[in-house]
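Engineer: Taken in sequence, the protein lines are chains X and L. Numbered according to our numbering, the first sequence terminates at residue 279, and the numbering increases by one at each position without gaps. Numbered according to our numbering, the second sequence terminates at residue 688, and the numbering increases by one at each position without gaps.
Simulated from the structure, these hints should not be mistaken for laboratory data. Ideal placement from N, C-alpha and C gives every residue a C-beta, glycine not left out. A portion of the hints provided could be inaccurate.
Unchecked claim - Some but not every residue of chain L turned toward chain X, in silico, with C-beta under 7 Å:
no., residue
1, Leu431
2, Glu452
3, Arg455
4, Arg456
5, Tyr460
6, Ile462
7, Ser464
8, Gly466
9, His470
10, Thr479
11, Val480
12, Leu483
Unchecked claim - What follows is a list of derived Cβ distance ranges for each label pair:
no., chain 1, residue 1, chain 2, residue 2, range
13, L, Ser402, X, Phe105, 37 to 45 Å
14, L, Ser402, X, Pro172, 31 to 39 Å
15, X, Leu82, L, Pro433, 50 to 58 Å
16, L, His511, X, Ala264, 22 to 30 Å
17, X, Pro109, L, Gly623, 48 to 56 Å
18, X, Ala110, L, Met382, 30 to 38 Å
19, L, Ser402, X, Arg108, 31 to 39 Å
20, L, Ala609, X, Pro172, 33 to 41 Å
21, X, Leu117, L, Arg396, 31 to 39 Å
22, L, His387, X, Phe105, 37 to 45 Å
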Amino acid sequence: MSAPRLLKAPLLWTAALFIALLFGMPALAPVFRWGFPQVQPPVFSRGSFLELFLSHAGMVLAGSVAATAAGIALAVFATRPAGRDFRALIDTLATVGQTFPPAAVLALAVPALGFGPEPTIVALFLYGLLPILGNAIAGLEAVPAAVLDAAEGMGLSAWQRLRDIELPLAAPVILAGIRVSVTIAIGTAAIGSTVGALTLGTPIFDGLAGNKLPFVIQGAVLTALFAIVTDLAFAALQRRLQPPGAAPAPA
Amino acid sequence: MIEIEHVAKVYQGRRVVDDLSLTIPDGALCVLLGPSGCGKSTTLRMINRLIPFDAGEIRVGGEDIRRVPPEELRRRIGYAIQSTGLFPHWRVEDNIATVPRLLGWSQQRMRDRVTELLELFRLDPETYRHKYPHQLSGGEQQRVGVARALAADPAVLLMDEPFAAVDPIVRDALQGEIARIHRATGKTIVFVTHDIDEALRLATVIAIMERGRLAQSGVPLEIVENPASEFVREFVGREAAGLKSLALRKVSERLQPGDGAAGEPIEAAASLRDALAAMTARRTDRLPVVDAAGNPAGVITLADLVR
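Just chain X, with the same shape it has in the complex (with noise of 0.2 Å):
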């Protein structure tokens, strides 16, 4: 690949870029040392990075598939006709969840479930639900009552008008939403660390307790672009399913 198209792929240089910091940050010591004379040791060294990237990556993997499971399940369920009724409830719920602050969530979740990932996972999954739910809910009610008339008229059953017409239609929306509350609990779960889960927050919140800031730094960055390679991987993802025929899916 030549150096112009490389530079027009983004996804693979910050990619490229992630990984090499992730292994090579105790490479840059001599960087940070110059930098800030008087940090000892110059880089974090409680744990190795691939270590926090792992248990970060971990912790945003199950709230974002339990989200995700979730999400799609209420939204067929307030699509239906059974479902109708429950609309606005469902809509308001995961409203409330988006809105409080995921600080709260994880100190009223300590309680419950102690210190560690769990209240982590917890927050995020509250907070994953809302733009699933929502992109979800919009997806399937913008199948046009044609096509779905035609599939009833036709004799496709319920769950054959889900499975073939409905969520294939609706997916380029839905991963859309997946997109936005993966991305949102990338940020979210190095906030976790508060309450003793290890993720790439932790440098971070180390770094700031005892006054190092390229504790911070390191922290900082490798959380960033965690957020952006994972974005980029799936618009990429999202142009490769762009069904034909559908509607391209908001960017």
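Following the hints, position chain L against chain X.
Structural biologist: Below, chain L alone, put in the same frame as chain X:
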């Protein structure tokens, strides 16, 4: 045969279909005609149980439709609608094979059937089978929509204003194709429209509806020449009804023996309206008539048209 007996549908306290009885014989092309809100679409959608009815009985092929599971009933009845309802994420061949797939046909049989139907609608199978609906023109989409309705070779075909959304030239071509396919397949077709000219062109039987009730049913000529009520007279178009009836009658019904006319002859099978148009265009009051083989058959005059 479709038998509709004393059927009623109440929707929010209003009788949208009121004591409707109508028998549609096998092989008929029955047009349900009327202004919007007269209950014609509701009636059509009751035949494949998309809308439940509150009273009466509907039988298709002698069988009470409420005794057949709705999905099974719908797979036996073709269904085509105005905005086609083609599945945008499926190729033409997958759209057409929707019902055959539900019925578990083999791949080979589905492929052959798709080829056959595309040819029936004069769409080149190899060009069109792999296209997506958005790559087709409005007229092509509508052809694929009707092909899809015919895929599993149903005895009955329901069409809900299928050509209302296409431009007049395409509509004219599609009407011609439906008439041709109706003649070729002998299907029983129930066709909803609010367009009297479309009805007169296609129908073997017309059922005019007014506020949920049957205003009149009969062959097109009878509707035009003997309207049963002021409503029907109004709907058929008063004075314009004379022109419509000319369109339904043939030159052969009025021609006289003799050879007292000159110029380009008209065929005996042509409509009286065509004869009138030819006279007007040529500024003459008489035309020579020939039979299908081109042999002189007589003369038709302006006076014969209004006899």
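Engineer: Mind checking the CB of histidine 470/L against every CB in chain X and telling me if the closest is under 7 Å?
Structural biologist: holds (4 Å)
Engineer: At the C-beta level, are leucine 82/X and proline 433/L separated by a distance inside 50 to 58 Å?
Structural biologist: holds (57 Å)
Engineer: Does tyrosine 460/L pass the interface hint, meaning its C-beta sits closer than 7 Å to a C-beta of chain X?
Structural biologist: Holds. Min distance 4 Å.
Engineer: Let me know if the C-beta of threonine 479/L comes in closer than 7 Å to any C-beta of chain X, holds or violated.
Structural biologist: With Cβ-Cβ at 5 Å, under 7 Å, it holds.
Engineer: For the hint 31 to 39 Å, verify it against the beta carbon of leucine 117/X and that of arginine 396/L.
Structural biologist: Between leucine 117/X and arginine 396/L, where Cβ atoms are some 35 Å apart, the hint holds.
Engineer: Verify the interface restraint on isoleucine 462/L: the C-beta must sit less than 7 Å from at least one C-beta of chain X.
Structural biologist: holds (6 Å)
Engineer: Falls inside 37 to 45 Å, the C-beta gap from serine 402/L to phenylalanine 105/X?
Structural biologist: holds (41 Å)
Engineer: Holds or violated: is the Cβ of leucine 483/L closer than 7 Å to a Cβ in chain X?
Structural biologist: holds (6 Å)
Engineer: Could one say that the CB atoms of serine 402/L and arginine 108/X fall in the range 31 to 39 Å?
Structural biologist: holds (35 Å)
Engineer: Double-check glutamate 452/L for me: the hint is only fine if its C-beta lies closer than 7 Å to a C-beta in chain X.
Structural biologist: holds (5 Å)
Engineer: Close enough to count: is the Cβ of serine 464/L nearer than 7 Å to one in chain X?
Structural biologist: With a minimum Cβ separation of about 4 Å from chain X (threshold 7 Å), the hint on serine 464/L holds.
Engineer: Go through the hint on glycine 466/L and say holds or violated, using the shortest Cβ distance to chain X against 7 Å.
Structural biologist: holds (3 Å)
Every hint, counting from the list given before, is met by this structure.
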